[in-house]
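A.B. asks: First to last, the protein sequences are chains E and C. No gaps in the numbering here: position 383 of the first sequence is 383 in this note's numbering, and each next residue is one more. No gaps in the numbering here: position 13 of the second sequence is 614 in this note's numbering, and each next residue is one more.
If you're looking for bench data, these hints aren't it; they were derived computationally from the structure. One or more of the hints may lead you astray.
[Claimed, not checked] Restricting the straight-line Cα-Cα distance to at most 27 angstroms, the calculated cross-link-like pairs of lysine-lysine (DSSO-like) are:
1) E:Lys216 with E:Lys202
2) C:Lys744 with C:Lys604
3) E:Lys542 with E:Lys520
4) E:Lys520 with C:Lys780
5) C:Lys604 with E:Lys539
6) C:Lys604 with C:Lys647
7) C:Lys647 with E:Lys539
8) E:Lys520 with C:Lys770
9) E:Lys516 with E:Lys94
10) E:Lys516 with C:Lys604
11) E:Lys516 with E:Lys542
12) C:Lys780 with C:Lys647
13) E:Lys516 with C:Lys744
14) E:Lys516 with E:Lys539
15) C:Lys770 with C:Lys780
16) E:Lys94 with E:Lys202
17) E:Lys94 with E:Lys163
18) E:Lys520 with E:Lys539
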Amino acid sequence: MTTSVDTVVREACVSVGHDPTRLMDVAREVQARLGCIPPAAVDAIHHDLHVSRAQVQSLVSFYAFFDDHPTSQITIRVCDDVVDRLAGYDRVAKAFADELGVTIGQTTADGAISLQRTACIGMSDQAPAALVGNVVVTDLSAERARQVVAELRAHRDPQRLIKKLGDGNNAHPLVKAMVRNNIRQAGPIVMSEPRRGEAIRKAAALSPAEVIRAVKTARLRGRGGAGFPTGIKWEMARAAPGARKFVVCNADEGEPGTFKDRVLLTEWPDRVFAGMTIAGYALGAREGILYLRAEYAYLRAFLEDVLARRRSDGLLGRDVMPRRGFEFDIRIQMGAGAYVCGEESALLESCEGRRGDPRNRPPFPAQRGYLGCPTVVNNVETLCCVTRILDAGSAAFSELGSRQSAGTKLLSVSGDVSRPGVYEVPFGTPIQDVLALCGGRDATALQVGGPSGRMVGPADFERTICYDDIATGGALVVFDSTRNPLEIAHAYMEFFEDESCGYCTPCRVGNVLLRKGLEKVLAGRGEPSDLEQFEQIAKVMKAASRCGLGQTSFNPVLSSLQSFRYQYETLVAEPAQGRRRGFDLDVATAEAARIRAGGTQ
Amino acid sequence: MSKPRVATTSLCGCFGCHMSLLDIDERILALAEIVEFDKSPINDHKDFTQRCAVGLIEGGCANAENVHVLRRFREMCDVLVSVGDCATTGGIPALRNLVPLGECLHEAYVAGPSVHNPSGRVPDDPEIPLLLDKVYPAHEVVKIDFHLPGCPPSADTLWEALNALLAGKPLALPYALLKYD
């Protein structure tokens with residue numbers, strides 16, 4: 001190490017103007033340059049930024065992409081989302097482990113490469129995938145994994161692992177990724193031909209109130225999943241007192257199985273930034289933040305370049321709407337690997353340099369958000385819709401879709417289908433039509449809206465995708481008849497157990513109870529009362545959890561129980577003689593018997 | 602009509618719940634009027650003489666013998682009640698669940714600061730029941746019909762609960778009997 005810890009920290013702090021709320025950037029910089037954030041760096045940050053040691057420490061321990069001790073030069077993070085597991089995660093992870101001579105979570109003896117597992121990295125359409133440093137490696141096989149290790153050993157440069165660049169902007173000199181867009185059905189609204197600058201020009205001809213009215217007339221609702229009317233959210237923020245307001249674009253696309261925002265940021269970044277700018281105008285904000293998940297760091301330089309270009313073209317900065325006296329700029333805030341930061345209030349905490357603990361509400365972000373100022377947090381796709389509405393008009397937008405759900409929805413389709421990728425379909429499209437489009441002929445189970453959404457069976461395939469029937473943030477994972485719904489639910493519960501921030505008990509404990517309960521049922525040791533208990537735990541979690549994570553994370557169990565109850569029921573039985581089937585005396589005494597027989601203690 | 606029979610046992614508990622039962626004072630005479638005690642430490646009957654209406658379980662399961670006794674209770678009693686926090690949750694003994702069994706025994710019999718054990722052996726007489734890997738609440742081992750929380754449940758709580766149970770009435774405990782701080 002050529003530079004001292006103190007120097008690195010000092011420079012990182014100077015680069016953010018010693019702003020303590022930019023702790024995330026400081027931590028990322030230190031992590032990038034030192035390979036970890038050691039206790040000495042925690043001390044130095046505490047001194048330079050005047051934040052408590054506890055705050056720095058808790059930040060380092062919270063985010064998956066921060067380490068408190070040196071790990072390695074290169075970290076391989078193998079994605080072990082359910083879709084990756086279907087596609088061969090086990091073989092790939094084993095190949096990595098064998099070739100490196102380590103197990104998951106360890107570093108090679110020479111300190112060069114460490115191996116970790118990670119939650120969905122937004123590449124379900126080209127699984128199994130892994131992150132090598134910041135470089136995304138897709139379509140892995142055991143053989144390819146061994147090659148990756150051999151190559152890294154030879155040149156230690158993750159970028160050189162990319163042999164063939166992906167399509168579209170994935171081949172852009174600032175992206176250079178092997179990621180493929182997999183746009184299977186584009187248009188007519190979100191993924192349509194861009195007309196750069198047009199929407200902002202049209203918005204400038206309207207008053208802010210008229211812009212909000214246009215969005216309300218289009219009946220636009222949030223695309224992240226919850227479906228809150230965008231215009232009403234904007235109105236709240238506009239009406240909230242305060243001179244300083246913010247627009248935040250939530251690009252922390254962490255819901256496993258979702259990757260449509262990745263494609264929008266790659267191919268339609270101007271549309272996203274235009275939407276943020278229009279939102280800024282509508283609610284009277286001059287500052288915007290794009291919160292980009294750490295897994296998409298490979299897009300950062302490209303997005304920064306798009307921002308710079310927009311500044312020089314007068315689409316950002318001082319000259320956006322000179323006659324209106326409106327100026328607006330956007331900065332990119334990088335995340336550091338935490339699913340819960342997709343929850344808007346946790347995302348704001350993260351932006352302010354803290355752990356991603358969700359906040360209590362009210363106040364809502366629109367009232368008191370980033371730095372206590374009124375803040376609108378919108379999904380990437382929502383903002384693309386905004387741009388389109390202002391450009392093509394509210395009527396052109398709302399004529400598509402269903403009554404309660406205007407416009408189109410991007411779906412990220414993956415799993416057991418022949419054509420995984422992104423599909424833009426009008427709201428109100430039946431699930432079976434989507435299955436026909438993507439080649440999911442043998443589908444028997446469908447996870448709609450990611451793990452926190454619901455698992456549906458063939459009985460529900462006639463139902464439609466929209467807010468008042470089957471609502472979704474966009475993830476659609478298809479499972480064929482060879483898959484076991486209980487095992488899928490179990491994998492999702494493991495995910496939630498990992499990602500729960502641990503702040504409130506119903507979520508911290510509930511997810512573990514459900515995961516263990518599923519294991520018991522899967523092992524053939526469940527009882528009918530266990531199924532009742534699942535429902536009871538879900539009820540408590542829904543009522544008493546602090547944020548959306550715990551209020552929905554029981555869904556894999558609850559919805560598979562609803563859709564595939566018979567599969568659960570074949571596995572459970574009433575206890576004989578009142579003896580719990582989950583308790584096995586031989587197993588429980590095995591350890592003591594071993595110790596008594598003189599085994600090692 | 603013969604009196605309903607009641608059996609009680611203390612598994613991995615401290616007998617505090619039984620002491621609390623004795624704490625009903627002179628009401629024990631009234632209790633003896635309406636029930637017959639079967640297997641119980643109170644009368645020192647070692648095994649069941651016949652089927653019982655009610656079994657009161659104090660303590661969780663920490664060893665194989667606890668499990669056998671509890672299963673025997675399930676077999677012989679119409680209604681089983683977990684009495685007190687150890688039966689209900691594992692209680693204080695379950696603190697050992699945080700430590701692997703081998704380390705627990707090593708600390709208790711070999712390495713503990715007050716241990717004098719020149720042989721350095723952990724007791725291994727076959728007569729000693731095998732410990733379980735962890736302490737289990739009663740309802741994880743057998744089906745339990747009712748839980749009565751408290752450490753211990755007060756004499757009044759036990760009295761009210763027993764009377765309601767024997768009379769076949771719903772149990773409505775006043776707040777004071779369910780409040781522990």
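A.B. asks: For the pair we were handed, C:Lys647 and E:Lys539, check the Cα-Cα distance against 27 angstroms.
C.D. replies: Roughly 44 angstroms between the alpha carbons, so the hint for C:Lys647 and E:Lys539 is violated.
A.B. asks: Tell me if the straight-line CA distance from C:Lys604 to C:Lys647 falls inside 27 angstroms.
C.D. replies: OK: C:Lys604 and C:Lys647 at ~20 angstroms, within 27 angstroms.
A.B. asks: With the threshold set at 27 angstroms, check whether the alpha-carbon distance from C:Lys770 to C:Lys780 stays at or below it.
C.D. replies: Holds, because 22 angstroms separates the two Cα atoms, which is no more than 27 angstroms.
A.B. asks: For the pair we were handed, E:Lys94 and E:Lys163, check the Cα-Cα distance against 27 angstroms.
C.D. replies: Between E:Lys94 and E:Lys163 the Cα gap is close to 23 angstroms, so the pair holds against 27 angstroms.
A.B. asks: Within a Cα-Cα threshold of 27 angstroms, do C:Lys604 and E:Lys539 meet the stated pairing?
C.D. replies: Not OK: C:Lys604 and E:Lys539 at ~42 angstroms, beyond 27 angstroms, violated.
A.B. asks: For C:Lys744 and C:Lys604, compute the direct alpha-carbon distance and say whether it is at most 27 angstroms.
C.D. replies: 25 angstroms, holds
A.B. asks: Measure nothing beyond the straight line between the CA atoms of E:Lys520 and C:Lys770; if it is 27 angstroms or shorter, mark the hint as holding.
C.D. replies: Roughly 35 angstroms between the alpha carbons, so the hint for E:Lys520 and C:Lys770 is violated.
A.B. asks: Take the C-alpha atoms of E:Lys520 and C:Lys780, compute the straight-line distance between them, and say whether it is at most 27 angstroms.
C.D. replies: 34 angstroms, violated
A.B. asks: Mind checking the alpha carbons of C:Lys780 and C:Lys647 for me, to see if they're no more than 27 angstroms apart?
C.D. replies: Violated, at about 34 angstroms.
A.B. asks: Going straight from one Cα to the other, do E:Lys516 and C:Lys604 come out at no more than 27 angstroms?
C.D. replies: Violated, because 43 angstroms separates the two Cα atoms, which is more than 27 angstroms.
A.B. asks: Starting from E:Lys516, check that the Cα of E:Lys539 is at most 27 angstroms away, please.
C.D. replies: 17 angstroms, holds
A.B. asks: Within 27 angstroms, alpha carbon to alpha carbon, are E:Lys516 and C:Lys744?
C.D. replies: 19 angstroms, holds
Taken one by one, the earlier hints fail for this structure at numbers 4, 5, 7, 8, 10, 12, 16, listed in ascending order.
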